[in-house]
Amino acid sequence: MEKKTVVVTGGAGFIGSHLTDYLVRKDYEVIVVDNLSAGSIENLPRCGKIYFYQKDVRDETLARIYDKYKPGLLFHLAAHYANELSIKEPVYDLRINAEGTLVQLKLAVKTRSIRRFVYASTSCVYLPSFNPLKEDSPLKPHTPYGISKLAGEYYTLFYGANYGLPFTIIRYFNVYGSKEPDSMYRGVIAKFVAAAVRAGSLFITGNGEEVRDFTYVEDAVKGTILAAFSSNGINQVFNIGTGTGTTIREVADIISRLKGQNISVEYQERRKWDQTIYRVADISKARSWLGYEPGYSLYNGLKLTLDWYEKNLTTDRKNQN
1 MEKKTVVVTG GAGFIGSHLT DYLVRKDYEV IVVDNLSAGS IENLPRCGKI
51 YFYQKDVRDE TLARIYDKYK PGLLFHLAAH YANELSIKEP VYDLRINAEG
101 TLVQLKLAVK TRSIRRFVYA STSCVYLPSF NPLKEDSPLK PHTPYGISKL
151 AGEYYTLFYG ANYGLPFTII RYFNVYGSKE PDSMYRGVIA KFVAAAVRAG
201 SLFITGNGEE VRDFTYVEDA VKGTILAAFS SNGINQVFNI GTGTGTTIRE
251 VADIISRLKG QNISVEYQER RKWDQTIYRV ADISKARSWL GYEPGYSLYN
301 GLKLTLDWYE KNLTTDRKNQ N
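For the sequence shown, full-length UniProt numbering assigns the number 1 to the initial residue and increments by one for each residue that follows.
Every clue listed holds true.
Per label pair, the in silico range of CB-to-CB distance:
1) 37 with 67: 18 to 28 Å
2) 207 with 46: 43 to 53 Å
3) 162 with 307: 44 to 54 Å
4) 84 with 250: 17 to 27 Å
5) 46 with 162: 35 to 45 Å
6) 312 with 51: 18 to 28 Å
7) 46 with 230: 26 to 36 Å
8) 68 with 207: 46 to 56 Å
9) 289 with 161: 12 to 22 Å
10) 230 with 158: 18 to 28 Å
11) 181 with 99: 18 to 28 Å
12) 250 with 67: 47 to 57 Å
13) 63 with 297: 39 to 49 Å
14) 266 with 232: 42 to 52 Å
Calculated lysine-lysine pairs in the DSSO-like style (CA-CA distance at most 27 Å, straight line):
15) 106 with 4
16) 4 with 55
17) 311 with 222
18) 26 with 4
19) 4 with 110
20) 49 with 4
21) 26 with 70
22) 191 with 303
23) 285 with 26
24) 55 with 110
25) 222 with 70
26) 140 with 88
27) 55 with 26
28) 222 with 285
29) 134 with 272
I should point out that these hints are in silico values taken from the structure, not numbers from a laboratory. The model shown is predicted, which means the values in this text are computed figures rather than measured ones. Ideal placement from N, C-alpha and C gives every residue a C-beta, glycine not left out.
Let the hints inform the model, and build the full structure from the sequences given.
Below, the structure written as structure tokens:
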């Protein structure tokens, strides 16, 4: 029987911990690599075969660990996250997202047991468009985060072409859900839900008519698994989203309805770097090649997210306004 062992970098983080949860439930042995700069050990499941290593993804001594466990797949989700944070720390962003990916690719080639490298990219690599974005749509990131993630894609393509390393690239669209950190640099839904739980105002940058494709984290994991374990996913790029656009104002309205109260909304000037009005995925390739179909409506996903924040935001954080 084939040994079911995988690596998940960033496995204690937001999406990575949900992916780890899934793999553990499917009886995989999971090597989690995370420096805990954004993740938390509390995000990891309490049972199952998990081997946790608090290390930077640029640490080439990971080769010994990979050689020890002989994983079959490497899911590379570790990243310096967020467009705004990347503008404040562009050099560090480059080092983690581009150099870190390069090191993991080197290790994947060196570790002969690894038969697929799965790279978590982002919809931020695309040139803004008012049409749903396909995998072959023009690429033109406008922040250091998008630039460094696209560099990671190009390194992945290079290693696939020159070293024969099978790969799959996933471009996530605005993933939200439980276990996303309550931070000023996280996604708009995490900010909105945390503010609603604290009875604070929801701050919208821009006019609220900006459109995004909000993807519940369990759907993101579903798409990742389908792409990673399907032969149709080899050496391919996939958008993982819902294919449906929603305005920021609509998100705020749904959260207000879920809370059963009118929540104050305040508007702020649009950030200079954030001029993308519309970003929605065309998921026809993932549907036809992988059988991917999102399972969560925005309303249901937001309800689950709100329930989690209600239970998990600490009392002192809840009382902040």
